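The primary structure of each chain is shown beneath.
Number of protein chains: 4
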Amino acid sequence: MQLGMVGLGRMGGNIVRRLLRAGHACVAFDRDPAPGQALAAEGAQAVADLEALVAALAPPRAVWVMLPAGEATEAALLTLAGLLAPGDVLIDGGNSFWKDGVRRGALLRAKGLHFLDIGTSGGVWGLERGYSLMIGGEAEVVRRLDPIFAALVPGKAAAAPTPGRTGDPRPEQGYVHAGPNGAGHFTKMVHNGIEYGMMQAFAEGLDILKHADSEALPPDQRLSLNLADITEAWRRGSVVASWLLDLTAQALAGDPELAGFSGHVSDSGEGRWTVQAAVETAVSAPVLSAALYARFASRDEARFSGKVLSAQRKGFGGHLEPPKPPEAKG
Amino acid sequence: MQLGMVGLGRMGGNIVRRLLRAGHACVAFDRDPAPGQALAAEGAQAVADLEALVAALAPPRAVWVMLPAGEATEAALLTLAGLLAPGDVLIDGGNSFWKDGVRRGALLRAKGLHFLDIGTSGGVWGLERGYSLMIGGEAEVVRRLDPIFAALVPGKAAAAPTPGRTGDPRPEQGYVHAGPNGAGHFTKMVHNGIEYGMMQAFAEGLDILKHADSEALPPDQRLSLNLADITEAWRRGSVVASWLLDLTAQALAGDPELAGFSGHVSDSGEGRWTVQAAVETAVSAPVLSAALYARFASRDEARFSGKVLSAQRKGFGGHLEPPKPPEAKG
Amino acid sequence: MQLGMVGLGRMGGNIVRRLLRAGHACVAFDRDPAPGQALAAEGAQAVADLEALVAALAPPRAVWVMLPAGEATEAALLTLAGLLAPGDVLIDGGNSFWKDGVRRGALLRAKGLHFLDIGTSGGVWGLERGYSLMIGGEAEVVRRLDPIFAALVPGKAAAAPTPGRTGDPRPEQGYVHAGPNGAGHFTKMVHNGIEYGMMQAFAEGLDILKHADSEALPPDQRLSLNLADITEAWRRGSVVASWLLDLTAQALAGDPELAGFSGHVSDSGEGRWTVQAAVETAVSAPVLSAALYARFASRDEARFSGKVLSAQRKGFGGHLEPPKPPEAKG
Amino acid sequence: MQLGMVGLGRMGGNIVRRLLRAGHACVAFDRDPAPGQALAAEGAQAVADLEALVAALAPPRAVWVMLPAGEATEAALLTLAGLLAPGDVLIDGGNSFWKDGVRRGALLRAKGLHFLDIGTSGGVWGLERGYSLMIGGEAEVVRRLDPIFAALVPGKAAAAPTPGRTGDPRPEQGYVHAGPNGAGHFTKMVHNGIEYGMMQAFAEGLDILKHADSEALPPDQRLSLNLADITEAWRRGSVVASWLLDLTAQALAGDPELAGFSGHVSDSGEGRWTVQAAVETAVSAPVLSAALYARFASRDEARFSGKVLSAQRKGFGGHLEPPKPPEAKG
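Protein chains in written order, with the UniProt record's numbering: chain A, 1 to 330; chain B, 1 to 330; chain C, 1 to 330; chain D, 1 to 330.
Because the hints were derived from the structure by calculation, they are not lab data.
This one's a predicted model, so the numbers in the text were calculated from it and none came from an experiment.
There could be a bad hint or two in this list.
With a straight-line Cα cutoff of 25 Å, these simulated PhoX-like cross-link-like pairs (lysine-lysine) come out [unchecked claim]: (1) D:Lys-210 to C:Lys-314; (2) B:Lys-99 to B:Lys-111; (3) A:Lys-99 to C:Lys-99; (4) B:Lys-99 to C:Lys-210; (5) D:Lys-99 to A:Lys-210; (6) B:Lys-314 to A:Lys-210; (7) C:Lys-210 to D:Lys-314; (8) A:Lys-99 to D:Lys-210; (9) C:Lys-99 to C:Lys-111; (10) D:Lys-99 to B:Lys-99; (11) B:Lys-210 to A:Lys-314; (12) D:Lys-99 to D:Lys-111; (13) C:Lys-99 to B:Lys-210; (14) A:Lys-156 to D:Lys-156; (15) B:Lys-156 to C:Lys-156; (16) A:Lys-111 to A:Lys-99.
All chains, full assembly: derive it from the sequences and hints.
Structure follows, in structure tokens:
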């Protein structure tokens, strides 16, 4: 099949690459000509602007936009909507807010266009391992592009079969038609929310292991533990076996103290939107929220909330916090 | 009445002072002779050792130990247990672990002594405002010492009567016979756990008010709020009116940025024991725990858990956290 | 002064009542004629529609809308905006979302009108104790209505002076000009968020006190505690002294088991918006969020998240959850 | 090699089975003769009491106790300590508290015996997949029993090699010598703590997916999502790929509503001990704690904390909670 790709960053470029390797034809555009030239050497047709991209595709066209969520994506989708013809498909494969997917779907349908919102997981490993795709949109459009999706996902052999599973065969390949527009990005949002929770579970557990030699413990109870060995052992036969554990063991094998990291952690829109979706629909989500807040707190240099606590403690107890981080006491 | 006091720090010294002012007789001892001399000038009888203290008291004696929880308290109680006579009362007024109160009560009863574990709240304000006392022990012993307690507490006028309240008149004075040994310190422990939760609620709320001018908000939604004015206004007629709010407003009136504090916050045994009691009795206590963890996190300079998160993010996404605290992104 | 009031429910009606008692003139309207008739008997001028309300007020007018947040408030404000003249003031005193206040302020200013968003705390006690008011809008407009606000708030004597406080005298009366439009409802939102956290701190602490007789504890450590006595005692001299504690002690005095309540707890917009504001501005707010989630969980009859856990436990361990709530084990 | 096994429940029995299949000799005892007879048919030597077990083993002996943590394990270890000879090894493979391992190690060393505390993960799948073992004790003793451990673990092929890993080859087989006595059960405890956090992350995420069709959302934003399909798709190429996800997808494939579960979830000692270890060593562990509390709350039929909230709400606002679980409001 033929696919147009707008945005040739790490994600967009590697999606094109994986499609080319599977024998699909790709027309590729990026504001920066360099990545297009690189992909042209691998068999893509690089074009100079969106008009050329649309002209190079045979109808019914499929154009995948892989740009930063927000203004860049919105602008590209609107421009393309003006260039495409009824029956064509526009895809937003970025990390967009799911309600934008709902809105964009309605807007594009009113113009006779089709829209898919696709959550894409896989990061730097997608080219090699395949991507996990969560798709929102019309069933017929998903069916039309099945060959593209089949080329992008890891494939059935990437995991053992689930006993007793029946129904849509797509999920066993590594992608899901999650529902109408919005469902793809909603599902990806929750995926990332879960990811935050799992990551923080490992982070806290390893922090407890690291503090097993704490001076707060009686001397005969202090343990000095080898986290690289422990996480490596857990990879086989334990309940916490997971890809995140594999990556953690790998990081600890190379740098047992993780000294190369500051401990200040970024967060992305999906983690925040997950909490907001939970609040909006009255779902209790303490773990997903705590995971997000741990990241906020890791970057909180102002420490105003801590200052409020210290001011109160001074007020009622005359406690003056020591200038350096205090040990536990009164 | 006559009371012996062991430990003349801020709490013990002021308790003696408040008793003296109410006309009670106090025999006072501290390893350091200075505070005893000061109290002698105010009417106390300062003694040089525990033997002298016991000798100076008429049976049945009452000796209040006001020392740091743990070894100091344990040693003083054991020594005094060897000096006192059957029918005498030993009091632990410090911040002891409640299970120590259970154990000590049984131990001392076996020697014919009586034991009270008393949780004491009031801090630096107790001398002037009176102390809140939570008492564990035998009813008859509490009754015997009622005149002492009545002199220490704020008294009935310190709060409006609770409509419909009947039963023991002690709580309306500001103290409670909470139950058998252990109950006094258990109650004080939970009091402090609640205190942690309330403090953190204010800290988070004020932090959100402070961030109302965040650049994460659209320019026309940014608000610069005066926290000193807001907390002052809340002191009258609002649902959050409280002594902690009074102290917060006071701190903000003097230093709106709370620049005199580091933001690193200590914690005490009671906050930790409260969480452990919740876990031991299967009570869900997310707020009290989160309040404790916020203090732990405020002192966490190693940031190992954050490093684990960053290492995982690099592993799956190639994200390299910036050396400085990052703003929210990808 | 003269004020128009739209919405004569418990809050609106009592605000009118308190203003009448202070000598102000009120023109009152409600879709339901009954409350207006009742207020007319107390000195208000009841009118039959918004046109009559506007006609009955002398310019520059001030009209306070006290209706449920959302459609009812929006409709009344828009209708009044069409009836009022430049220089008039429209007030939204309900529990509106703060961003609506920002938007409405800009909209009304474009029509030459003034707008105040006022967060109002005080509930059923406001008539007697006075209301706590948090006001967003132009300084000049706040100044114009100062006599109204001064009549509504509890007044300076309702709390002891804050040592060292200087600046705007309004907060010492019980109201605050928090900032431009949006600031009033933002401040009220955070007030309620803090309220949720404080309430949950008490709820968890009392639950731990209640479980002090848990069978999970060794028999000699089980304590049966009198929560009515304990909360009453804490009202004097303790760090957790607060209006919420007063109300808690009162409820426990009348019904120590609180048997009249189901344990299913509602939540309001403000608690949710507070969490969303924290997430939007990257403030770590674990306590305020946990308090909200505890309410969600209290109403969660579907228990789907628990079912997921049990399904996983069965999957890896063959654990089959007992049909009744299990005690802690395996 | 030869191993004695005390306790032939699901875990102990299958460990014997796996050892027999690997060619090791097992002497097996259980109070109930049935499982020993079954294992005898598979090649084990079943004995009638602990004396016979010790007599049947050639020194230096190794005896693995696989009994419920607490009294049963303590009694068996003490009895065996009286029967074994210097140089013999006693193993506690159950879910014991790690501080018991520290204590028992010192006690047994004083008698000339060796002790290993082994945390064992693998559940019902261990016989087939192999067990993950976390071992505390002396290095020489671990080395002596390496053939036993190598037969129990999944083996190197069970996971892809970790790039750059060096050091002890045991973890790549699936077991780790974590440190001295206590370290095995400490590591297993934290493993389970992480497991709780990961499980709750999935539970919350799936609950949010399930509520994507909530009436709290505008009609055009409601999504009906197929959780079985989504979790199946995530198993390939996504960041949350894990054994727990495999099990979740499997459960949802068979019962998409998980109607076979009550939603009341048990918890085990390890989850609680993890929180207590975090508190004891001042590690912020909000996610691991929230996961534990969600289980507590799922079983909380008394709902006392909710009743406290409702009583407060009635007190300040006159809110009377509806008899049935209310929707969000006021």
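Cross-check of the supplied hints:
1. D:Lys-210 to C:Lys-314: holds (21 Å)
2. B:Lys-99 to B:Lys-111: holds (19 Å)
3. A:Lys-99 to C:Lys-99: Within the cut-off at roughly 19 Å; holds.
4. B:Lys-99 to C:Lys-210: holds (17 Å)
5. D:Lys-99 to A:Lys-210: Holds, because 17 Å separates the two Cα atoms, which is no more than 25 Å.
6. B:Lys-314 to A:Lys-210: With Cα atoms ~21 Å apart, Lys-314 of chain B and Lys-210 of chain A stay inside 25 Å; holds.
7. C:Lys-210 to D:Lys-314: Satisfied, since the Cα-Cα distance of roughly 21 Å is no more than 25 Å.
8. A:Lys-99 to D:Lys-210: holds (17 Å)
9. C:Lys-99 to C:Lys-111: holds (19 Å)
10. D:Lys-99 to B:Lys-99: holds (19 Å)
11. B:Lys-210 to A:Lys-314: holds (21 Å)
12. D:Lys-99 to D:Lys-111: This hinted pair holds, its Cα atoms lying about 19 Å apart.
13. C:Lys-99 to B:Lys-210: holds (17 Å)
14. A:Lys-156 to D:Lys-156: This hinted pair holds, its Cα atoms lying about 24 Å apart.
15. B:Lys-156 to C:Lys-156: Satisfied, since the Cα-Cα distance of roughly 24 Å is no more than 25 Å.
16. A:Lys-111 to A:Lys-99: holds (19 Å)
Violated hints for the displayed structure: none, as all numbered hints are satisfied.
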